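Student: Input sequences plus hints: build the corresponding full structure.
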Amino acid sequence: MDLETIPGVGEKTARALEALDEPERALRRGDVATIATAPGITQGRAARIARGAIRQEHDDPGGFLATDRAREVYREVLSLLKARTVTDYAAQRLETIYPSPRRSRIEDVQAFAREAIDRDYDDAVLEALEGLEPLRNPGDVRVRERCLATTDAERYSEAREAIPELSVEVVEDAQGLAELARGYSTVIALDESFAGVTLEGDVQVKPDALENPAEVVPERPLSFFARNRDRLQAAVEVHQVAGLEPACDLAALEDGLSRLDEDGTVAGDDELDRLTTAVDDLDAAASAAESVANDRLREAIREQDVTIEGSDLLSLVERGAGVDSLLSRELADEYAAAVEAAREHLIDALDLDQGESEIARRAFSDEPAFPVERDEAVVSRLREELTAAKERRAGRLKRELAADLADQREGARQLVRDALELDVELAIARFAREYECTMPEFVESEARSASDGDEAASESGDPVGFAIEGGQSPLLDEPLEVIDPVDYAVSDVALLSGVNSGGKTSTLDLVASVVVLAHMGLPVPAERVRLRRFDDLHYHAKTQGTLDAGAFESTVREFADLAQGGEGSLVLVDELESITEPGASAKIIAGILEALSENGATAVFVSHLAGEIREMADYDVTVDGIEAVGLVDGELEVNRSPVKDHLARSTPELIVEKLADEARDDAVATNGGAPDGEGDPEPVFYDRLLEKFD
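Its first residue numbered 1, the sequence shown is counted upward by one per residue in UniProt numbering.
Simulated from the structure, these hints should not be mistaken for lab results. Some clues are possibly wrong.
What the hints assert, rightly or not - In silico EDC-like cross-links for lysine to aspartate or glutamate, where the CA-CA straight-line distance does not exceed 20 angstroms:
(1) K644 / D492
(2) K206 / D152
(3) K82 / E130
(4) K82 / E553
(5) K542 / E527
(6) K206 / D191
(7) K206 / E169
(8) K587 / E575
Unchecked claim - Simulated restraints, written as ranges between beta carbons of each label pair:
(9) R142 / R302: 26 to 36 angstroms
(10) A251 / A214: 51 to 61 angstroms
(11) R71 / A251: 46 to 56 angstroms
(12) E154 / G196: 18 to 28 angstroms
(13) Q204 / P371: 41 to 51 angstroms
(14) Q414 / D492: 24 to 34 angstroms
(15) E410 / E469: 41 to 51 angstroms
(16) D191 / D404: 24 to 34 angstroms
(17) V170 / E18: 27 to 37 angstroms
(18) R302 / R392: 17 to 27 angstroms
Everything numeric in this text was worked out from a predicted model, so none of it was measured. Every residue, glycine too, gets a C-beta built ideally from N, C-alpha and C.
Tutor: What follows is the structure, given as structure tokens:
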């Protein structure tokens, strides 16, 4: 795949995508989480790039949503789906699912959606998803206590490129290697010529180090797991609660994560913890040991009666002797006990082993002195020994843990991907159940199948635009239980008539949302839906007020273009007559319907001028009607499903009919049961008005 051919991907973005392990796989799958790990790419941009790649793969020209209202319907149904996601990832991932005219794309999403709507879920699963996030890149890792060494300049360049986490040093000989060992906890020599050389410090000869970087820098794989520790644990919980088949050994992954701190250090090892604590507490413990010795000496001096004869005092003064000599002579045992207490305190406080204790004991001299002070050179030596032991222990544990987790990395990535995708699936499942959805049936015409290179033909010889049974518009801001199901089918071009507030616009919204969801490959809110694959959706909402001349001309031009190339289009129009005078509107709409019918488009025009338009058209226009059953307490009772080939009565006609019935009832009561109308002109008046509606 040439990344720069994807819409919205330039040279810079293509380079960023190439940094991914498998960019083509991520793009084809719409894997927003993986795409968003590329440098400088946000999740929102990742979704747009994925959409572009999917369109390219399916040779999708785009533009299915051909009008503002069509795009609004898509955004509304998409928002309903996104509202049922838990993670930000799932909301962005749903952005890659868009209405398409391509059979291959629709079928890809349908396969995903069919599995999704069968998913079981409960509050525990949704709660587990709340802690889930896409994995993060570990970022740059730098290890300062370890270095690589070589005598070869070319090898030096290779090492810097292969293992950027470590410093690489050039040495001339073993002496140079020895000098490095004094500045680093561990030196790894890359030249085989150093094999057999014995040096002080931790010097390792590994000629194959560049081929096995994880052994040299276990921090590299561990940083991935450390940075994503919480996210991986959340993915494990999702799999366990939801009963998903894991892509890796969950027990082994959990064990590895339990041994790893968030900063990338190994956790749970008592010896490493002891050494770390000893290094951190060394200065404080040495100071405390000094205090122990000096406190004991002060107490001994206070309790001891020391007598100095004149000749002894003169001798001490002449020799320049001080308190040290006095201590040595008079308090030798007490000083020895104080120093021993200091040594034991230091050893016990740091929990030192035998070898470390031998060094620690030398931190306090046997030579009497007051106050007692530690030997800083010895303390530094002890610190070096403890630090080196700690680094050796940590390095070995890191290598062991890195080896244990090495085979889990790709499985761990898939574990998170699967958990995130579960959120996408559950959003679809929740939408489908809450709106009582079903998967639509696409009916392919022979001409359409041939144009796509498909072998499938129509299941039925009957022409089908769309046929909806028991549809309930998801765009209505009402609970599902109060929405009347609608049955409606149109095979070519139809006018939809009906009373005001009878549901004509809601019917168009239902048709639009069903068609949009179907072409997204998703379940639709109906008991059953059959429809053809449309090339595009033109939904024109009701115009507010009469248009000026320029806007009117633009609208007519738009329909002219549509009428010339409208085969395969679905056209939904709400009261186009409002664009100009009613008489002219009827003529214009009749002409548009004629052109759309000739070109094989499917269309529904809502109009209060259905009768006039039918008279103006030069062919038998289908007129469907949303029929009002009557008026009850001033409210319309309506059959929301359009009646085929029926011009629905208007609201004024129903009101006049109601007035006429009431007048006749009053006349009967007034004339003793003789509804002749004499003496009461109202029934005759209302009857004359009703005749005008015939």
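Student: Per the hint of 27 to 37 angstroms, is the separation of the Cβ atoms of V170 and E18 within bounds?
Tutor: Holds - the Cβ-Cβ distance for V170 and E18, about 32 angstroms, lies within 27 to 37 angstroms.
Student: Is 46 to 56 angstroms respected by the C-beta to C-beta distance linking R71 and A251?
Tutor: For A251 against R71, whose Cβ atoms are near 49 angstroms apart, the range 46 to 56 angstroms holds.
Student: Does the Cβ pair E410, E469 satisfy 41 to 51 angstroms?
Tutor: holds (46 angstroms)
Student: Check the following: the C-beta atoms of R142 and R302 are separated by a distance inside 26 to 36 angstroms.
Tutor: violated (55 angstroms)
Student: Mind checking the alpha carbons of K206 and E169 for me, to see if they're no more than 20 angstroms apart?
Tutor: holds (15 angstroms)
Student: For the pair supplied as a hint, K82 and E553, confirm whether the alpha-carbon distance does not exceed 20 angstroms.
Tutor: Given that 20 angstroms is the threshold and the Cα spacing comes to 39 angstroms, the pair is violated.
Student: Starting from the range 17 to 27 angstroms, see whether the pair R302 and R392 falls in it by beta-carbon distance.
Tutor: With a Cβ separation near 47 angstroms, R302 and R392 fall outside 17 to 27 angstroms, so the hint is violated.
Student: Between K206 and D191, is the straight-line Cα distance small enough, at 20 angstroms or below?
Tutor: holds (7 angstroms)
Student: With respect to the beta-carbon atoms only, verify the hint that Q204 and P371 lie 41 to 51 angstroms apart.
Tutor: holds (44 angstroms)
Student: Is the hinted range of 24 to 34 angstroms satisfied by the C-beta distance from D191 to D404?
Tutor: holds (30 angstroms)
Student: Given the hinted pair K644 and D492, is their alpha-carbon gap at most 20 angstroms?
Tutor: holds (13 angstroms)
Student: Does E527 sit within 20 angstroms of K542, going by the straight-line distance between their CA atoms?
Tutor: Violated - the C-alpha atoms of E527 and K542 are around 28 angstroms apart, more than 20 angstroms.
Against the hints set out earlier in the document, violations occur for numbers 4, 5, 9, 10, 14 and 18.
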